[in-house]
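For the record, the sequence lines run as chains A and B.
The UniProt record's numbering puts the first residue of the first sequence at 1, with every later residue one more than the last.
The UniProt record's numbering puts the first residue of the second sequence at 1, with every later residue one more than the last.
Worth flagging that the hints you see were computed from the coordinates, not collected in a lab.
Note that the structure is a prediction, hence the values are computed from the model and not measured.
Fair warning: there could be bad hints in the mix.
[What the hints assert, rightly or not] Straight-line Cα separation of at most 25 Å, DMTMM-like style, residue types lysine to aspartate or glutamate; simulated pairs:
(1) B:Lys-83 <-> A:Glu-73
(2) B:Lys-29 <-> A:Glu-223
(3) B:Lys-83 <-> B:Glu-188
[To be verified] If you anchor each label on the Cβ, the simulated ranges turn out as follows:
(4) B:Glu-189 <-> A:Ala-22: 49 to 57 Å
(5) B:Ala-75 <-> A:Lys-49: 35 to 43 Å
(6) B:Lys-129 <-> A:Lys-104: 34 to 42 Å
[Stated by the list, open to error] Which bits of chain A does chain B cover? Going by a derived footprint, with three or more residues having C-beta under 8 Å, they are:
(7) 111 to 120
(8) 138 to 147
(9) 225 to 231
(10) 236 to 242
Glycine residues also receive a C-beta, built at the ideal position from the N, C-alpha and C atoms.
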Amino acid sequence: MDASSSQPLTFYDFLDRMRNPASLDLVRSIKSFIVSFSFYAPNPENDGKRLQDFLVTMEDAIRDHPLWVGATEEEIDSAIEGLEKYVMTKLFSRTFAASPEDAKADQEISEKISLLQNFLRPEHLDIPAVLQNEASWLLAEKELQKVNAFKAPREKLLCILNCCRVINNLLLNAAMSENHILAGADDFLPVLIYVTIKANPPQLHSNLKFIQLYRRQEKLVSEVAYYFTNLVSAKSFIVDLDAKSLSMDAVEFQESMEAAREAHKAAGVKPSPALDRTATLAGQMDPGPSRKMWFRETDTRGLSNYPFMEAKAGELTVGDVETLLSLYKDVVTKYTNLCRAVKRLSMSKTETPVLVPLSEGTHASPPQPEGRTTNVNDKRGE
Amino acid sequence: MGCSSSLPDRNSGRLGGLNAENGGAPDAKNLRVKLVLLGDSGVGKSCIVLRFVRGQFDPTSKVTVGASFLSQTIALQDSTTVKFEIWDTAGQERYAALAPLYYRGAAVAVVVYDITSPESFNKAQYWVKELQKHGSPDIVMALVGNKADLHENREVPVQDGIDYAEKNGMFFIETSAKTADNINQLFEEIAKRLPRPSSS
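Looking at chain A on its own, in the form it has when it is part of the complex:
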């Protein structure tokens, strides 16, 4: 697949170049772009378009930049990849699952999947027995669940591709060793749907939307776009899934769904482990319907230190000038210190997850989320 164009160290390379004094103009543009987001209430479509335009503009700037003189297409490309990752990591809390509708959609899908998990079997999607390979499926599920562990759109997308690659390998192996006739999408999609249901990947809706809006457009094409579309398609199938979608009696389907609901209630099961996080995130980021609500955090915290926040120009007297000036100096000092601290933090290498490059071999090397270990490797041999 085509997603592996960047080498593992490119993000560090990008950060290194950004530390070079010669890149000061670029750093300024990037910072002012990131800051500009705080001037408007979040609007996913707009935000997505602004990011895409910004990446295009920056690509031109980087191509013409002294630091990239004589750079190959690949080097330019990895600079833009680094830029996308940097900016989207900074803007993540604003852009990911940002609206209450997104949080609701995530929760509904997750709940529906957790009900389906109680009774859905591969036969209900007419998945042939030769493709029912628990080991492969488990590997694919793990890849899919990792999507939520990354912030950068490219890395999220890589997890989806890894999942699809595992399924493809399963189909190809079945074709070679079991004489199963390759049936392309007729086989691929049902397996992907089943794997998605088994995995119940956290915040599925929001992750797909985020990739769609914020992955560099020229990278979401061709094979990558195909597999991404398949997961979008699997999600859509699950959302609309009813008795008619399955090889299952309608009455039996209703009864099974009901029984699953009862079972969940009785066990007091939270529909999904992801939900707690979803709820917190939504709580933190819920911008509310109006601008005023968007700023409510500022209003309630530390307002007493800045008595002129609600003041109008006409209400001020000459005597206020001294207080205003001292407050102004205070704010500027704090802001400057904050900026320095944020910059130091963001430029620190330890913060970024290590992305293992995808190999072209039969098994993908999945990217490892920061601070997590997985036991996927234990199951590789199967």
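Guided by the hints, dock chain B onto chain A, whose structure is given.
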């Protein structure tokens, strides 16, 4: 920035949203097209594509072979090349509603039926109507009657396919993925019918 006139290639490539990941910017001589395959499950959609991809030029060449996405480049006599990016779709009835996600933005749709199955021919007609309603208006459509090698079991007369295709402004061909009959012709014919970006 501010130098778009000196960099026409870069900007035109991006506008089309087609900038190849391998740096091969498409132009009038090297097209890249999205082709979507539609048709009932079991009509041999994937077999047609596998035959096309594996049988072209050098059979030992390593092409991207996924199970459902394949790409293949063909060279035409006028020294242009066309890279087909072939999107397979699941043909089972229960996935029919998902098809628009796949044919959105496709330059070519190949609608396949099985000449031994009138049902699959009906389904093909359903897809053609769908595409006419919801597909891109300048999409190139081909109607393909597959399994032509099974002529003793034929249930859809050649003439029915010809007539239906003609009525709907489609290219028609009968193929056999099994014997490779007409497979390359199908894709070459499609390549010829593609609208060319106007070259200066």
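Going down the list of hints, with the structure as the test:
no., hint, result
1, B:Lys-83 <-> A:Glu-73, "holds, 21 Å"
2, B:Lys-29 <-> A:Glu-223, "holds, 22 Å"
3, B:Lys-83 <-> B:Glu-188, "holds, 11 Å"
4, B:Glu-189 <-> A:Ala-22: 49 to 57 Å, "holds, 54 Å"
5, B:Ala-75 <-> A:Lys-49: 35 to 43 Å, "holds, 38 Å"
6, B:Lys-129 <-> A:Lys-104: 34 to 42 Å, "holds, 35 Å"
7, 111 to 120, "violated (count 0)"
8, 138 to 147, "violated (count 0)"
9, 225 to 231, "holds (count 4)"
10, 236 to 242, "holds (count 3)"
In this structure, the hints that do not hold are numbers 7, 8, in rising order.
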